[in-house]
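*Asks:* Sequence:
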Amino acid sequence: MIELIKKVEQWSEDRGFFKEGSGVTFEAQYLKLHEEFGELCGSIVKGKDVKDDIGDNMVVLINLARLKGMSLADLIKKYG
Numbered sequence: 006m007i008e009l010i011k012k013v014e015q016w017s018e019d020r021g022f023f024k025e026g027s028g029v030t031f032e033a034q035y036l037k038l039h040e041e042f043g044e045l046c047g048s049i050v051k052g053k054d055v056k057d058d059i060g061d062n063m064v065v066l067i068n069l070a071r072l073k074g075m076s077l078a079d080l081i082k083k084y085g
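Here the sequence shown is numbered in this note's numbering, starting from 6 and rising by one per residue.
It cannot be assumed that every hint is accurate.
Straight line, CA to CA, 30 Å or less: simulated DSBU-like cross-link-like pairs of lysine-lysine [to be verified]:
no.	residue 1	residue 2
1	K11	K73
2	K83	K51
3	K11	K83
4	K82	K11
5	K12	K73
6	K37	K83
Just so you know, the hints here were simulated from the structure itself, not pulled from any lab data.
Can you build the whole structure from these sequences, using the hints too?
*Replies:* Laid out in structure tokens, this is it:
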């Protein structure tokens, strides 16, 4: 899990998510999390596969932590 989180962090970094002026803010990612969670709920209700939806939620959570100066990997190691 830690390796996966680090890969997502690097993927986001490579795409400039955390650069000044990127438009990626904590507030925007918070709203994105609600959007992705809604999609997950919709898939559950419709009996669809939820694998991609869960992955999308994880990506947003990883980015939310990063935008607050934290790493989800470090939080998992600490609070496990």
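*Asks:* None of the hints should be skipped; say for each whether it holds.
*Replies:* Outcome of the hint check:
For the given pair, K11 sits about 16 Å from K73 by alpha-carbon distance, which is consistent with the 30 Å threshold. Among the hinted pairs, K83 with K51 is inconsistent with the structure: their alpha-carbon atoms are about 37 Å apart, more than 30 Å. Between the alpha carbons of K11 and K83 the distance comes to roughly 16 Å, so the proposed pair stays at or under 30 Å and holds. Taken as a hint, the K82 and K11 pair is honoured in the structure, with Cα atoms around 13 Å apart against an allowance of 30 Å.
The hinted pair formed by K12 and K73 meets the criterion: a straight-line CA distance of about 18 Å does not exceed 30 Å. A C-alpha spacing of about 26 Å is found between K37 and K83, which places the hinted pair at or below 30 Å, so the restraint holds.
The structure shown violates just one earlier hint, number 2.
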